[in-house]
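Asker: Between the sequences and the hints, there should be enough to build the whole structure, so can you do that?
The primary structure of each chain is shown beneath.
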Amino acid sequence: MADTAELTDFRTQTRDWLEANCPPEMREPVKSEDDVCWGGRHVQFQSDAQKQWLEAMAARGWTTPDWPKEYGGGGLTPAEAKILKEEMRRIGARNPLNSFGISMLGPALLKYGTEAQKQRFLPEIVRGEIRWCQGYSEPGAGSDLAGLQTKAEDMGDHWLVNGQKVWTSYADKADWIFCLVRTSTESKHGGISFLLFDMESEGVSTKPILLISGYSPFCETFMDNVKVPKDQVVGEVNKGWDVAKYLLGHEREMISGMGLGGGASLLGKSVGEIDDPVLRAEVAAFDVDALAFAAMSERFIDQLKAGEAHPAMPSMMKYSGTELNKKRHELIMAAGGADTLEWDSDRTRKGKPAREWLRTKANSIEGGTSEVQLGIIAKHILRLPGA
Amino acid sequence: MTLLTDDQHQLHDMAKSFLAEEGTIKQQLRHWRDTECKDGFGHGLWKQFAELGLTGITIPEDKGGLGLGATEAALVLEEVGRNLTPSPFLTTAVAAVRALEGSAQGDRWFPGILSGDTVAALAVDEGKHHRPGAIATKATRSGNGFTLSGSKQFVVHGASADVILVAARTGGGQGEREGVTLFAVERDAAGLEIENVSLTDHSKAARLTLTDVAVDADSVVGEVDSGWAPLSRALNAGRAGSAAELVGVASGAADMTTDYLKQRKQFGKLIGEFQTLQHRAAHLFSEIEIARAAAYKAAELLDAGSDRAELLVHVAKAKAGRSAALAVQEGVQMHGGIGMTDEHDIGFYMKRQAVLDRLFGDWRFHAGEVARIAGY
Numbered sequence: 001m002a003d004t005a006e007l008t009d010f011r012t013q014t015r016d017w018l019e020a021n022c023p024p025e026m027r028e029p030v031k032s033e034d035d036v037c038w039g040g041r042h043v044q045f046q047s048d049a050q051k052q053w054l055e056a057m058a059a060r061g062w063t064t065p066d067w068p069k070e071y072g073g074g075g076l077t078p079a080e081a082k083i084l085k086e087e088m089r090r091i092g093a094r095n096p097l098n099s100f101g102i103s104m105l106g107p108a109l110l111k112y113g114t115e116a117q118k119q120r121f122l123p124e125i126v127r128g129e130i131r132w133c134q135g136y137s138e139p140g141a142g143s144d145l146a147g148l149q150t151k152a153e154d155m156g157d158h159w160l161v162n163g164q165k166v167w168t169s170y171a172d173k174a175d176w177i178f179c180l181v182r183t184s185t186e187s188k189h190g191g192i193s194f195l196l197f198d199m200e201s202e203g204v205s206t207k208p209i210l211l212i213s214g215y216s217p218f219c220e221t222f223m224d225n226v227k228v229p230k231d232q233v234v235g236e237v238n239k240g241w242d243v244a245k246y247l248l249g250h251e252r253e254m255i256s257g258m259g260l261g262g263g264a265s266l267l268g269k270s271v272g273e274i275d276d277p278v279l280r281a282e283v284a285a286f287d288v289d290a291l292a293f294a295a296m297s298e299r300f301i302d303q304l305k306a307g308e309a310h311p312a313m314p315s316m317m318k319y320s321g322t323e324l325n326k327k328r329h330e331l332i333m334a335a336g337g338a339d340t341l342e343w344d345s346d347r348t349r350k351g352k353p354a355r356e357w358l359r360t361k362a363n364s365i366e367g368g369t370s371e372v373q374l375g376i377i378a379k380h381i382l383r384l385p386g387a
Numbered sequence: 388m389t390l391l392t393d394d395q396h397q398l399h400d401m402a403k404s405f406l407a408e409e410g411t412i413k414q415q416l417r418h419w420r421d422t423e424c425k426d427g428f429g430h431g432l433w434k435q436f437a438e439l440g441l442t443g444i445t446i447p448e449d450k451g452g453l454g455l456g457a458t459e460a461a462l463v464l465e466e467v468g469r470n471l472t473p474s475p476f477l478t479t480a481v482a483a484v485r486a487l488e489g490s491a492q493g494d495r496w497f498p499g500i501l502s503g504d505t506v507a508a509l510a511v512d513e514g515k516h517h518r519p520g521a522i523a524t525k526a527t528r529s530g531n532g533f534t535l536s537g538s539k540q541f542v543v544h545g546a547s548a549d550v551i552l553v554a555a556r557t558g559g560g561q562g563e564r565e566g567v568t569l570f571a572v573e574r575d576a577a578g579l580e581i582e583n584v585s586l587t588d589h590s591k592a593a594r595l596t597l598t599d600v601a602v603d604a605d606s607v608v609g610e611v612d613s614g615w616a617p618l619s620r621a622l623n624a625g626r627a628g629s630a631a632e633l634v635g636v637a638s639g640a641a642d643m644t645t646d647y648l649k650q651r652k653q654f655g656k657l658i659g660e661f662q663t664l665q666h667r668a669a670h671l672f673s674e675i676e677i678a679r680a681a682a683y684k685a686a687e688l689l690d691a692g693s694d695r696a697e698l699l700v701h702v703a704k705a706k707a708g709r710s711a712a713l714a715v716q717e718g719v720q721m722h723g724g725i726g727m728t729d730e731h732d733i734g735f736y737m738k739r740q741a742v743l744d745r746l747f748g749d750w751r752f753h754a755g756e757v758a759r760i761a762g763y
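From first to last, the protein sequence lines are chains Y and C.
Here the first sequence is numbered in my numbering, starting from 1 and rising by one per residue.
Here the second sequence is numbered in my numbering, starting from 388 and rising by one per residue.
Watch out, some of these pointers could steer you wrong.
What the hints assert, rightly or not - For lysine-lysine, the following DSSO-like pairs were computed, each having C-alpha atoms within a straight-line distance of at most 27 Å:
(1) Lys269/Y <-> Lys111/Y
(2) Lys403/C <-> Lys305/Y
(3) Lys379/Y <-> Lys649/C
(4) Lys652/C <-> Lys379/Y
(5) Lys379/Y <-> Lys515/C
Everything labelled a hint here was simulated from the structure, so no lab data went into it.
All values derive from a computational prediction rather than experimental measurement.
Answerer: Quick look at the structure:
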């Protein structure tokens, strides 16, 4: 559909502003994991350009284009936010800030937070000043998340938290955590609360987990008599599961975006020469799936913004997007042959293809496994019995 | 925006109720199959399409049509697919009309199409696979016109058509786009032999043998040697349309199967309680949603005249073909024994999917085209 006159103006202004404010270095794809800007108290910018780009975007609220202006957001309409995204994609502009605050906590605070909580936490997220991590899974609560045991006791003037979380992404680098804790044992789902606290609080410690990729993006997080102020519960006490589910929807949307790995670019164009007809056929079938999924993503986002998406659709997007991303990396490895098996050579930039391939195997586990997502689709969309 | 407008929603609702009431398997597909109808569809229903304006859905308004686009056609075709309604809608009103637009032949045939009296067919394929680049039927200049010689197959409704658009070579070499010319050939042309063939899905498609079929110069659609333009318009519309119809076929089969999972009991419980079936049904749901998004996107880009339209048409036809194949295979399997019987409708979905997937190129052809466009 063509832009209206107002949107055409917005597009022109956005294009001009991006031209003037997006440094050339920030129009190049990220080179490695270290190149991604996560913000936070201890942020170390990789370049002046990275800092300048974050500050320019944050000043307009464009790190969170569709959040309300009163909390520092851009206040854009869905159509305007889409144009901003298109214009950024057009010049290859990087995302100025990667943030679980933006993709996960923020939407939950906007829906369930008190006015004071919104005023306190959202502007810091927009500016990338606080880096958040997510305390959901526990050693005994993976797919069965609501079985979590980390305990928060009401001590009158504060909560006392004891327990252990696992798979806490970047807990060792995060400033604050949003965390699911058990505040009642009377009901499984109805005894969970959603708590926020500072990772520098006394009694919090983290330990990175070495993965098959050789990376340690996840940690174990231990809480030993951690005192948390009473006003740091989001939503009602014992009703944290509602907040948790809402947030998981956003997490799944974010992870489903991984299916867009190469954006609209075709895998067959990026893996070098394909001289094997069987591989060519596999890659062509993959590119069909990837481009069809890109169309689905666009449609899903439009449905979401128009309030027309089924509440369980993020599960479908998460399932399809992550399975697609795993397939993408299987094919990249296949196309690379023996070259991509090298684990620490400079030729492979220290085993980048192999390590990324291994990393993608977590996509269909984290944020709810593929099997959990299929169960949600069966129950909530197909309404199959006993699901 | 990828969402439908209010007008499009209205049209979709209209098509939904029209085809759910008039186009059911029992009243149409099964009825015409059992009565051995030579056309494989009912002319009465085609008249009803006309009364609703649907035969002229993409005919320009100044020619008396609705002047709508590929998106609206897709919405109707989704419902045609869901009900397995046999009709000339896809080939006549969606594909052939796009070839004829803006030509004198269009002015000649549009009134009949609008009134539901005329059926038009497309004769492209010459072998068992769709290879439009390899057109070898020859058109030789002769007097004021041409003579056509060659053979065609998979000409949907060819034996019922009043006019057949025949792609033939007036110049250029095999595989070249230049040198293809599109001719409007009338059914009773001398030298045109039509064999009416029943297909697996009980629809009819013809094999044509053309032996020095004489046509005059006016029968050329568009320009001599430049028939690739109208032909590719028709093929793009036909491919995007058949992708949408396949999405409807897939949805119909999947819905029927989900219902069955909620009714059939074995081992003392509903089979829909078994996790292995739940997960397969959920996977199928996901694949169909993605195919639908691709089909809508292809139609949207065609309507916008985007330079990515052709790529997305290939993506949509390939994705819809694969998703529908999964839907009908899972559909029959999950129905178990009853799914193998002629009495149950699920098998009709499997048969229709097989034909629609091959029509205008199967999913492998279109995946190959994606690779070709991308240059690998």
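Asker: Out of the numbered hints, which ones does the structure contradict?
Answerer: Hints 1, 5 not satisfied by this model.
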